[in-house]
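S.K.: First to last, the sequence lines map onto chains A and B. Going by the numbering used here, the letters in the first sequence line up with residues 76 to 412, in that order. Going by the numbering used here, the letters in the second sequence line up with residues 13 to 118, in that order.
If you're looking for bench data, these hints aren't it; they were derived computationally from the structure. Note that CB positions come from ideal geometry on N, CA and C, so glycine has one too. There may be inaccurate statements among the hints.
Simulated DEER-style distance windows between Cβ atoms [what the hints assert, rightly or not]:
id, chain 1, residue 1, chain 2, residue 2, range
1, B, V28, A, E206, 33 to 41 Å
2, B, P46, A, K270, 40 to 48 Å
3, B, D107, A, D336, 27 to 35 Å
4, A, K308, B, S92, 43 to 51 Å
5, A, L157, B, E25, 21 to 29 Å
6, A, S307, B, D107, 21 to 29 Å
Calculated cross-link-like contacts (lysine to aspartate or glutamate; reagent style EDC-like; alpha-carbon spacing at most 20 Å) [stated by the list, open to error]:
id, chain 1, residue 1, chain 2, residue 2
7, B, K66, A, D304
8, A, K337, B, D81
9, A, K283, B, D81
10, A, K226, A, E299
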Amino acid sequence: MIKTDVVIIGAGPTGLFCAHQLGIIGLKCEIVDNLDKIGGQCIELYPDKPIYDIPAVPECTGEELTNNLIKQIKPFNFNFHLNDRVQELSKENESWIVKTSNGKEFNTPNVVIAGGVGSFEPRKFPTKSAEKFDGKTVLYSIKDKSIFKDKSVAIFGGGDSALDWAIELSSTSKVSLIHRRDEFRGAPASVQKIKELSENKKIDLFTKYSIKDVKGNGSLEEVEIKSEDGESKTLKTDYVLGFFGLIMQLGPIAEWGLNLDKKTIPVNTENFETNKKGIFAIGDICTYPGKLKLILSGFHEGALAARGCFKHARPNEKYRFEFTTASNTIKDRLGVK
Amino acid sequence: MAKIKYIEHNGKEHIVEVQNGLTVMEGAVQNDIPGIDADCGGSMSCATCHVYVKEDWYDKLPKKEMGEDDMLDQAYEPNSSSRLSCQIMVSDDLDGLSVYMPEKQV
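Okay, chain A solo, but in the shape it has when bound (with noise of 0.2 Å):
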């Protein structure tokens, strides 16, 4: 059980920048992301896309704006707990223990909700008949390469991800590339590396088709493909991987027994606390009147909700405002002179 005083779930420029607050003001905090690098959307989602309304900073990419960040929050030394995901919330006193997938448990007073739209998780085949090789024969991600030697897989998808794996499977396994157009969207060297690879028939290219139907008794044997125009085929296959990106799911966070209003959580203003206490929500996942989805807003929010935190934290104190610019307490916590 690891004691703290905030638990961030999030670890996107939001909670990022709230932990950077924490830190000023003198509290602990915990960070837990699903995803398995710090930066959240920023980093999934548009890490080369430039963004333009961080207040003094013209022009920055996803991913400079994370390591920007991580910089500010360095001195601190707090822990991310990442590939990690929050599951449950429960009270105990005055405290929350907070429990993930992955079996760490937290003791706190505080929560920050900075979960975005939520957890990112694979995009699966829409396909029903998927689900029960779903883990065992049909995958969205890979962990261990060498259960695919000698064995044939079928690869759905047309980023990189798909076309990365049907470049290094083809080499000790029989691959199949399915894609729903004729265009790729992964880098153009491995869309040239993929047509070399089928002209010299090591992989069986199949464009304009989409996934119909997996069948098998009791194990996976044969894939069903379609094009658009109702033609069907089929193909054996031992395996079939899907690469469709990654959607964003509330996931745990609706069982929790907040208020929900859509797939956001009300606060209120003054401190971002949620309908329990000790729990805050900032960023994308929360919603007042007037709320605007700019990580700015997600940094002023950050900032109360740490002030909010200090109050459960911190009960027999009273919490002082100071500038980093003045303060030598703040400055000894950022380790400078």
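Assemble chain B onto chain A, guided by the hints.
M.R.: Just chain B, lined up with the frame of chain A:
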């Protein structure tokens, strides 16, 4: 201003007037029409405002820009009549447009 018909997957129709300059996605969200999620808020970074547009209208719409098809690859059951509704700007020319929602967005 254009009258736009949003048709849910179950056939339920919603007809609303949408101001010029808004997108078809915004027209749905602002009028609380179910079936269009628009998780990323219109930055063409997700595919949860996916709609189908029948041929008669598909060719009249402004063409897809770079990147829209890439996002549509990640939509639920895309086909050749798929569009991202956040990329369709409303103008008088779109008066009478019908868009069909997929069974689900995610």
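S.K.: Hint numbers the structure violates, sorted upward?
M.R.: Structure breaks hints 4, 5, 6 and 8.
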